[in-house]
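Chemist: Chains A and B, in that order, are what the protein sequence lines are. Mapping of the first sequence onto the UniProt record's numbering: residues 1 to 186, in sequence order. Mapping of the second sequence onto the UniProt record's numbering: residues 1 to 307, in sequence order.
Treat the hints as calculated values from the structure; they're not laboratory data. If you're wondering where the values come from, they're calculated on a predicted model, not measured in any experiment. It is possible that some hints are incorrect.
Calculated cross-link-like contacts (lysine to any residue; reagent style SDA-like; alpha-carbon spacing at most 25 Å) [what the hints assert, rightly or not]:
(1) A:Lys-185 with A:Lys-152
(2) B:Lys-207 with A:Met-138
(3) A:Lys-185 with A:His-98
(4) B:Lys-207 with B:Ala-248
(5) A:Lys-185 with B:Lys-100
(6) B:Lys-102 with A:Glu-175
(7) A:Lys-123 with B:Glu-69
(8) A:Lys-124 with A:Lys-68
(9) A:Lys-123 with B:Ser-105
(10) B:Lys-102 with B:Arg-114
(11) A:Lys-185 with B:Asp-97
(12) A:Lys-152 with B:Lys-207
(13) A:Lys-152 with B:Met-252
(14) B:Lys-29 with B:Gly-266
(15) A:Lys-178 with B:Gly-101
(16) B:Lys-102 with A:Glu-21
(17) B:Lys-211 with B:Gly-266
(18) A:Lys-123 with A:Lys-152
(19) B:Lys-102 with A:Met-138
(20) B:Lys-100 with B:Val-160
(21) A:Lys-185 with A:Leu-65
(22) A:Lys-140 with A:Val-168
(23) A:Lys-140 with A:Arg-102
(24) B:Lys-136 with B:Ala-177
(25) A:Lys-124 with B:Lys-207
(26) B:Lys-100 with A:Glu-21
(27) B:Lys-211 with B:Arg-201
(28) A:Lys-124 with B:Ala-18
(29) A:Lys-157 with B:Ser-105
(30) A:Lys-68 with B:Ala-177
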Amino acid sequence: MNTISLDASHDADFVRQVEAESGQNLSLCYQCGNCTAGCPYTSFYDIPVSQIMRLVQAGQRDTVLSCKSLWLCATCESCTTRCPNNIDVARIMDVLRHMARRAGHAPEPAIKAFWDSFLDSVKKHGRVFEMGVVAGYMLKTGRVLTDADLAKDMLPKGKLSFRPHPIVGRQSVIEIFKRYHEERKS
Amino acid sequence: MSATYAYYPGCSGLGTSAEYDRSTRAICKALGVGLVDIPDWSCCGSTPAHTVDHVLSCALSARNIAQAETLDVAGIVTPCPSCLTNLKTASHRMRDDAFKGKVESLLGHPVENRLPVMSVLQLLAEAIGPDRVAGKVVRPLTGLRLAPYYGCIMNRPPEVMEFDDCENPVAMDRLMAALGAEVAPFALKVECCGASFGVARRDVVMKLSGKLLDAAEDVGAHAMVTACPLCQMNLDLRQGQINAANNARHDMPVFYYTQLIGKALGLGDESLMLDKLVVSPARVFHTMEEAQRAAFQRAESQGASVA
Ligand code: SF4
Ligand code: SF4
Chain A
1 MNTISLDASH
11 DADFVRQVEA
21 ESGQNLSLCY
31 QCGNCTAGCP
41 YTSFYDIPVS
51 QIMRLVQAGQ
61 RDTVLSCKSL
71 WLCATCESCT
81 TRCPNNIDVA
91 RIMDVLRHMA
101 RRAGHAPEPA
111 IKAFWDSFLD
121 SVKKHGRVFE
131 MGVVAGYMLK
141 TGRVLTDADL
151 AKDMLPKGKL
161 SFRPHPIVGR
171 QSVIEIFKRY
181 HEERKS
Chain B
1 MSATYAYYPG
11 CSGLGTSAEY
21 DRSTRAICKA
31 LGVGLVDIPD
41 WSCCGSTPAH
51 TVDHVLSCAL
61 SARNIAQAET
71 LDVAGIVTPC
81 PSCLTNLKTA
91 SHRMRDDAFK
101 GKVESLLGHP
111 VENRLPVMSV
121 LQLLAEAIGP
131 DRVAGKVVRP
141 LTGLRLAPYY
151 GCIMNRPPEV
161 MEFDDCENPV
171 AMDRLMAALG
181 AEVAPFALKV
191 ECCGASFGVA
201 RRDVVMKLSG
211 KLLDAAEDVG
221 AHAMVTACPL
231 CQMNLDLRQG
241 QINAANNARH
251 DMPVFYYTQL
261 IGKALGLGDE
271 SLMLDKLVVS
281 PARVFHTMEE
291 AQRAAFQRAE
301 SQGASVA
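The shape of chain A in the complex, shown without the other chains (with noise of 0.2 Å):
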């Protein structure tokens, strides 16, 4: 890991924040590592879960906001329900996620236009039309054969659907996404 000048990166804000939005007290967090042990994530991150903790603890927004493990953290819950102090990390993970977002970061673009593109779809016809959300992703990503070889498993077994499945409340799923992001304008 690098070393870190505390004083000169410190900010307290970013501490603060993680904990208002998290609802979680970060300074229980004494290291143990037990939620690294048990994240089947790790050898896949760039920073380990448990000095993910550390790093926020030590106010370092821009390394923490913009590492990699954020986008694959796949909220499996492992963390959490192995914290000797109790912390939801994963909650945590879930809200550098929604920061790391704000601030415009995207080490995993792959990933967030895969999401992005499920939302969209969900924004679109009330419910999820996996075939659209893959027609997205490509769109989004130039990622044309992506998974082309599971096609010849799925089409005979009828496993996709060439329709979406747009429902009569569509609308106020719709005025959801709209309330959201006028509110996260103001």
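Based on these hints, arrange chain B with the ligands on the given structure of chain A.
Modeler: This is chain B with the ligands only, laid out in the frame that chain A set:
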């Protein structure tokens, strides 16, 4: 006597996990559990929603909770652990009035938040129970050795999910044992399969799901049994990719637990849609039937020698 529940099928039930939805409905009917679809239900936003914002995510679920409140039901049930997590998290967090207020303001109307939410698995394990299921079995699964795989979020975190054991859940084990199947001691019951990263980061799923298949094979399982559409898809549909990536040769069927209950209850193919599984279960069913025949013949010859 059984109460009726509001049923939330989840979007994958309309496509990639049609067989889970169909078999869930069929076994509930056979076991006398009443399900009424939540009228005009919408998507809960799954993982992508809560990675963006918690109030937004809860509002998407709260719309469905409010729709369910228009029905005369004892609770809300869903087969899908991802939908379950979102519904339960919304319901849990809305116990806080300030948070509930924010959710309602995105939703545009109030929600009572009075109905309990649970998985279909919890409903079957608790309200019906393995004993009553055992009483309905007409075609026992004797000789079939299963690795029960719950996935990471069906039982975690325990404060929110409030069901079974968060490290070693047993609800599905007990239901499978009630069908006559043999349950292997499967250590990775709650390990993550790679979730929805199959599209954007396939390498993650290859490694994590590959580990699950290895472990199931190591304990001598004939098949895996799951309760999650995403886990099932990663393990079954992607098994060929996993074999290619990891230089492995798995040929492991991955059932929904509802399909196996249905089979033991004697329900027909139309309800179980076993033909939707990518890795065909024909071979393991054949092994199971052979074992049953052999056991029957042993018993017969012993009976004959006693008589
Ligand atoms: S398990 Fe809890 S206390 Fe231990 S390092 Fe992780 S967050 Fe800190
Ligand atoms: S929730 Fe995220 S950080 Fe926690 S153990 Fe799972 S993948 Fe790791």
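Chemist: Could you run down the list of hints and mark each one as holding or not?
Modeler: Outcome of the hint check:
A threshold of 25 Å between alpha carbons decides the hint, and for A:Lys-185 with A:Lys-152 the separation of about 44 Å lies outside it, so the pair is violated. In summary, the hint linking B:Lys-207 to A:Met-138 is supported, as the alpha carbons are separated by about 24 Å, within the 25 Å threshold. Straight-line distance between C-alpha atoms of A:Lys-185 and A:His-98 comes to about 15 Å, which keeps the hinted pair within the 25 Å bound. Simply put, B:Lys-207 and B:Ala-248 have alpha-carbon atoms about 12 Å apart, close enough for the 25 Å limit, and the pair holds.
A C-alpha spacing of about 21 Å is found between A:Lys-185 and B:Lys-100, which places the hinted pair at or below 25 Å, so the restraint holds. A hinted pair counts as satisfied when its Cα atoms are at most 25 Å apart, and B:Lys-102 with A:Glu-175 qualifies at roughly 15 Å. For the hint pairing A:Lys-123 with B:Glu-69, the CA-to-CA distance comes to about 23 Å; that is within 25 Å, so the pair holds. Proposed proximity of A:Lys-124 and A:Lys-68 is contradicted: the alpha carbons are some 29 Å apart, above 25 Å.
Distance restraint check for A:Lys-123 and B:Ser-105: the Cα-Cα separation of roughly 18 Å lies within the 25 Å cut-off, and the hinted pair is therefore satisfied. For the hint pairing B:Lys-102 with B:Arg-114, the CA-to-CA distance comes to about 18 Å; that is within 25 Å, so the pair holds. Distance restraint check for A:Lys-185 and B:Asp-97: the Cα-Cα separation of roughly 24 Å lies within the 25 Å cut-off, and the hinted pair is therefore satisfied. Between the alpha carbons of A:Lys-152 and B:Lys-207 the distance comes to roughly 23 Å, so the proposed pair stays at or under 25 Å and holds.
Taking the CA atoms of A:Lys-152 and B:Met-252, the gap is about 19 Å. The hint holds against a cut of 25 Å. About 13 Å separates the Cα atoms of B:Lys-29 and B:Gly-266, which keeps this hinted pair within 25 Å; it holds. As the CA atoms of A:Lys-178 and B:Gly-101 are separated by approximately 17 Å, the hinted pair is consistent with the 25 Å bound. Pair hint B:Lys-102 plus A:Glu-21 holds up; C-alpha atoms about 13 Å apart against a cutoff of 25 Å.
For a cut-off of 25 Å, the pair hint linking B:Lys-211 to B:Gly-266 is broken: about 33 Å separates their Cα positions. Of the pairs offered as hints, the one joining A:Lys-123 and A:Lys-152 is violated, with about 29 Å between alpha carbons and a cut-off of 25 Å exceeded. This hinted pair does not check out: B:Lys-102 and A:Met-138 have alpha carbons roughly 34 Å apart, beyond 25 Å. Taking the CA atoms of B:Lys-100 and B:Val-160, the gap is about 16 Å. The hint holds against a cut of 25 Å.
Taking the CA atoms of A:Lys-185 and A:Leu-65, the gap is about 21 Å. The hint holds against a cut of 25 Å. Annotation: proposed proximity of A:Lys-140 to A:Val-168 is violated, straight-line Cα distance about 28 Å (limit 25 Å). Of the pairs offered as hints, the one joining A:Lys-140 and A:Arg-102 holds, with about 19 Å between alpha carbons and a cut-off of 25 Å not exceeded. For the suggested pair B:Lys-136 and B:Ala-177, the alpha carbons sit about 13 Å apart, so the restraint of at most 25 Å is met.
Restraint check for A:Lys-124 and B:Lys-207: the C-alpha separation of about 34 Å exceeds 25 Å, so the hint is violated. Distance hint between B:Lys-100 and A:Glu-21 is fulfilled; the C-alpha atoms sit about 15 Å from each other, no more than 25 Å. Between B:Lys-211 and B:Arg-201, the direct Cα distance comes to roughly 16 Å. Compliance with the 25 Å bound is thereby established for this hinted pair. A hinted pair counts as satisfied when its Cα atoms are at most 25 Å apart, and A:Lys-124 with B:Ala-18 qualifies at roughly 22 Å.
Restraint check: the Cα-Cα separation between A:Lys-157 and B:Ser-105 comes to about 42 Å, which exceeds 25 Å; the hinted pair is violated. Distance check on the hinted pair: A:Lys-68 and B:Ala-177 sit about 42 Å apart at the alpha-carbon level, beyond 25 Å; violated.
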